[in-house]
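Q: Spelled out from the first residue to the last, the chains are:
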Amino acid sequence: MNETLQKAKRKVPLTKRFWWPQMLYCIVVLIPVTFLYLIIRIIPVAQTIWMSFYNWHLVKPDRPFIGLGNYAKLFKDQLFLDALRNTTVFAFVSVVTTLIVSLIIALMLEKTMRWKADTIYKVLFFLPVVPTFVSVSVIWKWIYDPSYGFLNYLVGLFGIKPRGWLIEPELALWAIILFFVWKNIGYYMILFLVGLKNIPSELYEAASLDGASSWQRIRHVTLPLLRPMTLFNLVMATMMAFNVFAPVYVMTMGEQGAPSNPVRVIVFDMYENGFRYLKMGYASAEATILLVIVSLLTLLELRLVRSEQ
Amino acid sequence: MKTSKLFLKVAVMVFVIMSLCPIGGASKELTLWTGYPEMEPFFKAAAQWYQELHPDVVINVASFPLREVERKYAVSLPTGTGPDIAEAHLYIAQMHIENGSILPNDEEIDSYLKSGVYNPLMVSESTWQDKTYGLPILFSLDSMLWNVDMFHEAGFHAGPKDWDEMVEMAKKLTKYDAEGRVIRSGLDLRLFGAGSGVAAKWWYFLKSAGGDLFEEVEPGKYRAAYDNEAGFETTKLYIDGVHKHRFTSFEIKHDTEAFANELSAMFVREAWVVGYMRKNAPNVNFDVSPMPAYKKTNALYFWTNLYVTNSSKHPDIAKDFLMFVANGPKLKELEDIMYEEVGWLPPRNDALTRHPDVYERIPQYKGFTTVPENYELYPYPRVSVTDEAFTKLAERLVKIYQNESFVDDHDGLRKAIHEAAEETNEVLKDAGLYAQE
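Chains A and B, in that order, give the protein sequences. Offset between the first sequence (1-based) and our numbering: plus 9. Offset between the second sequence (1-based) and our numbering: plus 632.
The shape of chain A in the complex, shown without the other chains (with noise of 0.2 Å):
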């Protein structure tokens, strides 16, 4: 039946479907948006990729064309090299760790937790979500600090040696990857949190007079009906943690920073190159990278959840 609605739908041109009117107010209504669009996001874009075959110098006048050598000189460039494995590493640990742990705590807040305590614990996780990641990246980097920060006090008090966590190369993306976790559980939490308030409750229900566990329910009814907001989750959290660039850069400023390099990710990279040495043209080499790197991944995501699905 429906198949045959469509296929009749087919038949008829689009124009004769809606009433011109219609159509006008549509396309007059989408201009704007249109308009706003591509100037804010396709047309630097554009320009960005453009630039990317320049050698583009931002003080020089002199902008030659050199097709694909800012790529040639990418793949050998070792701080980038470096930046493309952090970045992998950094958004491979977080979105997996972040996803796991706010799925977990989300499941804690909507079951377990059917006391009114539960919206002070939301606030509490959602708290750190609030601020700008510049200003609480400034708070971690105190709580890193070798001398008088509160981590090695804490963790004095089990007898640990204090370490410096973003001054020690094997620890400093690791300090960073746990601080960019503990800001963004709150988000995804809530999220999942509107993810499970959709899953009707006559399913447990069901579930529960056939017998099965806890675990089962949520490994049959609640995982399954989640994959929407997994996958929208999943897709936020890589973009996310691809583009993180305000934790490292406020982690490495000033003579107490970390070294950028044990801890450069791509966008850090892209800004030295960029607003540091002034050389545009390379920054957008980087720049185009990460996107194509970003979009193959958001579609595979996209992928992987639909064919499950």
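These are computed hints drawn from the structure, not numbers from a lab. Backbone N, C-alpha and C define an ideal beta-carbon position, used for all residues, glycine too. It is possible that some hints are incorrect.
Said to hold, decoys possible - Label pairs and their computed distance ranges (CB to CB):
#1 A:Pro140 / B:Phe696: 15 to 25 Å
#2 A:Val147 / B:Ala694: 20 to 30 Å
#3 B:Glu972 / A:Ile148: 31 to 41 Å
#4 A:Trp59 / B:Leu698: 23 to 33 Å
#5 A:Ile129 / B:Asp781: 22 to 32 Å
#6 A:Thr97 / B:Asp688: 56 to 66 Å
#7 A:Leu39 / B:Glu684: 54 to 64 Å
#8 A:Ile51 / B:Val849: 39 to 49 Å
Keeping the supplied structure of chain A fixed, place chain B upon it in accordance with the hints.
A: Relative to chain A, chain B alone:
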């Protein structure tokens, strides 16, 4: 309907009146940007006193952190949207000078710059292709600051004269806790932190050891000049300091904040620290001595210039303001602000004639002003890729300092320095500034 027509008429009238009347009555508005926020009171006072003489001119002063102002110049000056007056160091200004975004001095400023009021180094370095650019606005030698009480406690009464003395003093001045952790650096060396700072501080010692970041092999063409004994010895000074003599550590605080909190006994910096200490740690008793000598007896002569930019709609007023700051009726008052509030020093040779008692009041300034006998002065590298080279080198140095095996593995250390120098050469090649073998 009538109401809306009336509203429309009033709106049009207001618009026309507002368009005809310049806001605030000032007809000429200029902007000045500085990358040294501590200089803000100085520039604001200068702008105010200039306006008293020229009521139709308003000079708006904006200060930004150094790195931020560099980016702002990079984005705004080539597009003609920069400030009328820009304060910058030569290594930042050079590319804008080459690009024509900074105007050359007119005859009056040029002859004033060359009149003998400034150190000859300031004049020669402000010259490019036979034209001069800007006027010096602040200066300082890089010198060793040392905590008098800590030195007396250890039996020392003067700053170190050379590297050997410096290391011996540093060892005696260091304090450890019961677990052997450094709780007071005998000599504070910059060991970490992003940006160019780590390499710039290393470079002061490199210069003493006879090396340099770049050497000019032919006019306008350079090569890294630290893949040698000087580079090795300088880096060894740091590695031994952390891992062998242990007069500083990664865990302890560093730089000015550490000195102000009495967590270090000595460190190398510029005169602005005096202003910082007067504000933040007035009870810390410290003195200043020249940069310890090694293979060479030298010190960095640091200064910045004030430039008139091509973005200016009123370049004549901007140039007049430059002369007002450098040689105007309020010169003494402006210099007072530098001594009392800022910490950076007035760049004119004759500043002391107007402030004969300044060393009695603030004796630390003497160590940042007076060039000791036999001391050779050197400027900051003027090559446009200096910051990139320093920043990339800094990252490598941080990694090198953390490698304890380099205390004995000299070949490994030489290799690490060689690789860093190769990267510096790559930076030069990329900018077309590399001198071929």
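Q: With reference to the structure, classify each hint as holding or not holding.
A: Taking the hints in turn, this is what the structure says about them:
Between Pro140 of chain A and Phe696 of chain B the beta carbon distance is about 23 Å. The supplied range of 15 to 25 Å therefore holds. About 23 Å separates the C-beta atoms of Val147 of chain A and Ala694 of chain B, a value consistent with the hinted range of 20 to 30 Å. One distance hint, 31 to 41 Å for the beta-carbon pair Glu972 of chain B and Ile148 of chain A, holds here, with the actual separation near 34 Å. A hinted range of 23 to 33 Å for the beta carbons of Trp59 of chain A and Leu698 of chain B is consistent with their spacing of about 32 Å.
Distance hint check for Ile129 of chain A and Asp781 of chain B: the Cβ-Cβ separation is about 51 Å, which falls outside the suggested range of 22 to 32 Å. Range check, Thr97 of chain A to Asp688 of chain B: Cβ separation about 59 Å, and the 56 to 66 Å hint holds. For the pair Leu39 of chain A and Glu684 of chain B, the beta carbons lie near 57 Å from each other, so the given range of 54 to 64 Å is met. The hinted range of 39 to 49 Å is satisfied by Ile51 of chain A and Val849 of chain B, whose Cβ atoms lie roughly 48 Å apart.
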